[in-house]
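A.B. asks: Protein chains in written order, with my numbering: chain A, 1 to 114; chain B, 1 to 117.
Since the hints were derived computationally from the structure, they do not count as laboratory data. Any given hint might turn out to be false.
Unchecked claim - Heads up, simulated PhoX-like pairs for lysine-lysine below, C-alpha to C-alpha not over 25 Å straight-line: (1) K66(B) to K42(B); (2) K42(A) to K20(B); (3) K2(A) to K41(B); (4) K14(B) to K42(A); (5) K20(B) to K101(A); (6) K42(B) to K70(A); (7) K42(B) to K101(A); (8) K20(B) to K2(A); (9) K101(A) to K14(B); (10) K41(B) to K42(A); (11) K2(A) to K14(B).
Just so it is clear, the structure is predicted and the values come from calculations on it, not from any experiment.
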Amino acid sequence: QKEVEQDPGPLSVPEGAIVSLNCTYSNSAFQYFMWYRQYSRKGPELLMYTYSSGNKEDGRFTAQVDKSSKYISLFIRDSQPSDSATYLCAMREAGGTSYGKLTFGQGTILTVHP
Amino acid sequence: GAVVSQHPSRVICKSGTSVKIECRSLDFQATTMFWYRQFPKKSLMLMATSNEGSKATYEQGVEKDKFLINHASLTLSTLTVTSAHPEDSSFYICSATGLRRTTDTQYFGPGTRLTVL
């Protein structure tokens, strides 16, 4: 079993739809949770960064973390064609010898069509 | 967000030659830099972690003599692929993190596409 599971998709939605992306994980030591967006042939771009459980909103993006269920989500409201990309969840422990190391999900390919 | 650059963005080389890729943090001091490899439609595979002024820590299965990493300053790390072969062709991405950043996470460079003929 992988430490982080993410449905690779692909996911195709019409413009304006609400998109829900999810990851589950098995390591209870993960404390920091991130979502990255990666366009084709580019490096990942940090979208959301959250610590422990709870919600965080930034514009059309909302990140949710449920540590009790080991489940994180990213919601995109009013999706746009420019949101078409691969979305990677990532997480890391709080400290120790693996400080700073991220564990990534496989990435979900999202296409928003006009 | 933080800016991390990579150079070159794309390189084509002959089998047996060595290729150096540079990773720079442009607006913060990167205490730690990471090097990843990514295959098409796959997630990022961590190759090594480097802290400024010390030897890199390589992930299991990554040949340290083939992938030489140098992190000589707080703004520059280099990855040298020695005696490159076609199977080394891939997308190489670096990331950087620094304790002074508000968000203590990794900021990624734009990647370098290596093609070995």
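A.B. asks: Take a quick look at whether K41(B) and K42(A) sit within 25 Å of each other, Cα to Cα.
C.D. replies: Status holds; Cα separation ~12 Å.
A.B. asks: Within a Cα-Cα threshold of 25 Å, do K14(B) and K42(A) meet the stated pairing?
C.D. replies: Holds, because 24 Å separates the two Cα atoms, which is no more than 25 Å.
A.B. asks: Holds or violated: K2(A) with K41(B), Cα cutoff 25 Å?
C.D. replies: Roughly 17 Å separates the two Cα atoms, so the pair holds.
A.B. asks: Is the straight-line distance between the alpha-carbon of K66(B) and that of K42(B) 25 Å or less?
C.D. replies: holds (22 Å)
A.B. asks: For K42(B) and K70(A), compute the direct alpha-carbon distance and say whether it is at most 25 Å.
C.D. replies: It holds: about 23 Å lies between the C-alpha atoms, which stays within 25 Å.
A.B. asks: Does the alpha-carbon distance linking K20(B) and K2(A) stay inside the 25 Å limit?
C.D. replies: violated (32 Å)
A.B. asks: Between K2(A) and K14(B), is the straight-line Cα distance small enough, at 25 Å or below?
C.D. replies: This hinted pair is violated, its Cα atoms lying about 36 Å apart.
A.B. asks: Does the structure keep K42(A) and K20(B) at a Cα separation of 25 Å or less?
C.D. replies: holds (19 Å)
A.B. asks: Decide if the proposed pair is consistent with the structure: K42(B) and K101(A), CA atoms, cutoff 25 Å inclusive.
C.D. replies: holds (18 Å)
A.B. asks: Taking 25 Å as the top limit, are the C-alpha atoms of K101(A) and K14(B) close enough?
C.D. replies: Roughly 33 Å between the alpha carbons, so the hint for K101(A) and K14(B) is violated.
A.B. asks: Given the hinted pair K20(B) and K101(A), is their Cα-Cα distance within 25 Å?
C.D. replies: With Cα atoms ~23 Å apart, K20(B) and K101(A) stay inside 25 Å; holds.
Violated hints, listed in ascending order, are 8, 9 and 11; each of the other numbered hints is respected by the structure.
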